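Asks: Chain by chain, the residues:
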Amino acid sequence: MEASSLPAALELVSGGGAGLSPEKRAVLGSSLLLLQRDYRFERVWFWGCIQGVCGAYYIAEGLGPDRAAPRSRLYSLNCVEWSLLPPVTEEMVMQAGRLKGRFQGDPSFEYEYTERNAEDAERLFEDGKEPMIKEETRLVATIEQIDRAVGIIPRGAFVKTPLGSVSENRNFEGLSLTEAKRLSSYFHFTEPVNLKNKTLLEKADLDPSTDFLDSLEHDIPQGSWTVQLEKGGTVVVLRSLLWLGLTFYHVPMTKQYGYVYFGNGEKNLDLPFML
Amino acid sequence: ERGHGPYQPHEPGYGLYQPGYSPYDDQIPDPKSRTLAIQNAKAYLLKSSTTSGLNLYDHLANILTKILDEQPTNAVDIIENISKDVKWAHFQKKMDTLRDEHEILPTFEAAEKRKALFLKANEEGDEELEEEIGETPLPNVMETAFYFEQAGIGLSKDESYHIFLALKKLISVQPIQTCRFWGKILGLEMNYIIAEVQYHEGEEEEETEEEAVTEEGGNGVGEVENEEEEKEKEDEPPKSTYKPPPVIPKEENGTGANKYVYFVCNEPGKPWVKLPPVTPAQIVCARKIKKFFTGRLDAPVVSFPPFPGNEANYLRAQIARISAGTQISPIGFYQFAEEDDEEEEVEGGRDTYEENPDFQPLSVAEMVDSLSAWVHNVQSILKQGRCVWLNPLQKTEEEEENEEEEKAEEPDELPQELQQEIGPPLLTPLSEDEGIQNIPAWTAQPSTNLIPQYAVAVLQSNRWPGAYAFASGKKFDNIYFGWGHKYSPENHAPALPPPVQAEYPSGPEITEMRDPTVEEELAFKAAREEALAAAEEEEEEDEEGAEEDEEEDD
Chain A
13 MEASSLPAAL ELVSGGGAGL SPEKRAVLGS SLLLLQRDYR FERVWFWGCI QGVCGAYYIA
73 EGLGPDRAAP RSRLYSLNCV EWSLLPPVTE EMVMQAGRLK GRFQGDPSFE YEYTERNAED
133 AERLFEDGKE PMIKEETRLV ATIEQIDRAV GIIPRGAFVK TPLGSVSENR NFEGLSLTEA
193 KRLSSYFHFT EPVNLKNKTL LEKADLDPST DFLDSLEHDI PQGSWTVQLE KGGTVVVLRS
253 LLWLGLTFYH VPMTKQYGYV YFGNGEKNLD LPFML
Chain B
7 ERGHGPYQPH EPGYGLYQPG YSPYDDQIPD PKSRTLAIQN AKAYLLKSST TSGLNLYDHL
67 ANILTKILDE QPTNAVDIIE NISKDVKWAH FQKKMDTLRD EHEILPTFEA AEKRKALFLK
127 ANEEGDEELE EEIGETPLPN VMETAFYFEQ AGIGLSKDES YHIFLALKKL ISVQPIQTCR
187 FWGKILGLEM NYIIAEVQYH EGEEEEETEE EAVTEEGGNG VGEVENEEEE KEKEDEPPKS
247 TYKPPPVIPK EENGTGANKY VYFVCNEPGK PWVKLPPVTP AQIVCARKIK KFFTGRLDAP
307 VVSFPPFPGN EANYLRAQIA RISAGTQISP IGFYQFAEED DEEEEVEGGR DTYEENPDFQ
367 PLSVAEMVDS LSAWVHNVQS ILKQGRCVWL NPLQKTEEEE ENEEEEKAEE PDELPQELQQ
427 EIGPPLLTPL SEDEGIQNIP AWTAQPSTNL IPQYAVAVLQ SNRWPGAYAF ASGKKFDNIY
487 FGWGHKYSPE NHAPALPPPV QAEYPSGPEI TEMRDPTVEE ELAFKAAREE ALAAAEEEEE
547 EDEEGAEEDE EEDD
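Protein chains in written order, with this note's numbering: chain A, 13 to 287; chain B, 7 to 560.
Just chain A, same shape as in the assembly:
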């Protein structure tokens, strides 16, 4: 969610019971602004909080002029001091995918590999030391996975210019109530995967400036999003069931929207059994 709309947004996503204490809210107002100054970000998003066993990580993302470019991610243990996370690579994501269990809360904690297959054994012999993954790596990989899988925006909120860069759509006035209840009005804010597979008929209806991302309609498994109207029907809240804790809110017919993650940082692999 936008750093500037943090107080109002926290009120709207609190339906799940998770939020921030007044102390954190107060300090985020200033520390996110300072982040913007120090790193020259154009926009700062408060991404959320990953709860570890001993402590919690608070994550912020910074965006540059092209909103769809890879974002810089920062983490903090107390919302005051922020540290930049290394950019994510595919290898990191793969390594972190093998880890199970909770985050510890200590960024220098090292996980040991529990599963070894043939490739790892070879690598082991080459390096001569045990492969360990630091929690920082796991953190980066998890954030990237969550953003890729369930980071969403309403349709029309961003436009793609003919030069390829993405920016906010200043004419976006919000989705209507009927549109807001449909999953097809929300897009994954990441590189589109399914867009090319659409039939020509579907593509003819698309507007290339706003429909350049994948919509939520075809997410697998079906039903992995819950759409609810909260606060007497004034806020549309989407919650992801694949990554429990990700909450997206939007007030129909206004420009307020955003998503935040409050959770363990673990994927819900039992989802097909639970639906």
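Only true hints are included.
Pairs of lysine to aspartate or glutamate residues, derived as EDC-like cross-links and limited to a Cα-Cα distance of at most 20 Å, are as follows:
| # | chain 1 | residue 1 | chain 2 | residue 2 |
| --- | --- | --- | --- | --- |
| 1 | B | LYS90 | A | ASP217 |
| 2 | A | LYS172 | A | GLU203 |
| 3 | B | LYS276 | B | GLU118 |
| 4 | B | LYS90 | A | GLU180 |
| 5 | A | LYS193 | B | GLU115 |
| 6 | A | LYS112 | B | GLU496 |
| 7 | A | LYS172 | A | ASP78 |
| 8 | B | LYS93 | A | ASP219 |
| 9 | A | LYS172 | B | GLU86 |
| 10 | A | LYS208 | A | ASP223 |
| 11 | B | LYS296 | A | ASP282 |
| 12 | B | LYS294 | A | ASP282 |
| 13 | A | LYS279 | A | GLU102 |
| 14 | A | LYS172 | B | ASP83 |
| 15 | B | LYS119 | B | GLU195 |
| 16 | B | LYS296 | A | GLU278 |
| 17 | A | LYS267 | B | GLU76 |
| 18 | A | LYS279 | B | GLU496 |
| 19 | B | LYS297 | B | GLU496 |
| 20 | B | LYS492 | A | ASP282 |
| 21 | B | LYS492 | A | GLU278 |
| 22 | B | LYS163 | A | GLU23 |
| 23 | B | LYS297 | A | ASP282 |
| 24 | B | LYS90 | A | ASP223 |
| 25 | A | LYS193 | A | ASP231 |
| 26 | A | LYS193 | B | GLU195 |
| 27 | B | LYS72 | A | GLU185 |
| 28 | B | LYS492 | B | GLU317 |
| 29 | B | LYS297 | A | GLU278 |
| 30 | B | LYS90 | A | GLU185 |
| 31 | A | LYS267 | B | ASP91 |
| 32 | B | LYS93 | A | GLU185 |
| 33 | B | LYS280 | B | GLU202 |
| 34 | B | LYS90 | A | ASP219 |
| 35 | B | LYS163 | A | GLU35 |
Since the hints were made in silico from the structure, they are not lab data. Note that this is a predicted model, so its numbers are computed, not measured.
Given chain A's structure and the hints, the job is docking chain B onto it.
Replies: The following block gives chain B in isolation, referenced to the frame of chain A:
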């Protein structure tokens, strides 16, 4: 003279142009042709479009009006969108009212319901008002919400206040002695807000008849088959020897897992629904399945092993498990009622406690540092599904010590003799809780490190993510916000269907064997003839011996 066209009254420049003083006056070589050109251009612009009936002149005027009124930054970048918006505005006027009303209708209804919470009922007289101010079962939801908010947990203040008023409504309707806001469980279509209440003694509405019917219907399938088969008098197929395992009776209302009664509603403002008491079979089955709640209490729970009940029962079972695992209080707050007889054989697991009037609260630092400063104040549920063990085979009601549900599995339960299940007694400290793998069962933190004088001790459960507890001085409370499932680092593995049952006992007489081949038959025949020949020789010897004996006798 017209220079740049007639200025409209609201445009800047109106009234400023005076003929003869424009800066371009001296550049007009041929006024007539220029004016003619301008008039032609304007006539062209005023031409109405054949398809839409608009004309470019008015449209441009409207666009410029809008831009000058709103003064957006970088208007040149969004000029096309502004143009589109102006065109839309033409068409939206007629359809506007109809569509808007239709759309927002559900919101209006919801707002009505929420507003109804705030209306004070007119029937209350002064007497009731005094009663309210005195002892009231209504919990101070806002105070609890404040403490939890210090830790970053909780709903928004609006929602908390609505829940507060909804609880007040509940209390005015039902005869309730104590009431607590238990928490919120999220669901797919709707969420559940749950209140934990205790009735006044003797004022419960018993609905046992309905529940008995559903239980029998679920468990008595084998028995029904028996009855049908007995009715057939001709050619009776073999009677089923299936005896369903003995049904473990549920605990009485007011004890054990059914100590509290739970009311749920989907949103504050909607009517409260009472959840049925939980049966041990439901708890046992709930441990094996993991399903999301849909938000409708009558939704079926489709799972394997099949859950005996619908979503209301599943919800109640999960609430029972969560309460048993995560309801805690600071040590010393509750104590056992002192009795003269301390024979544990008679009392069994103590299930009642009372508040300790001499409670001295520990400091926040102590509450956070050691988990033994907290105790469970709800009985844990045994493997059997009850808090107090009952041997279903024997009809005697011996209450003996109970077993913790999480402990390593017992040696195999013999079908004839069921081993007693033993569990931790009430008010055991949290330090006895087992963790999962290498994660402790609870995470304790103070709410703030910056202001330790006023910090609140907060505990989060790692076994049931979403369960929180706080303590500050003499105040403490528990709450749950989550999806209603237990944490397990391993993936959920649903139970496999049981192996196919044997239809009949297999023995040598019906076991199929291969027919002997010709060689084997011949060999067998030859062997038998040899044996016969050998036997005849022996007989002859015996006969000879016998004849000799007979001859001797004579």
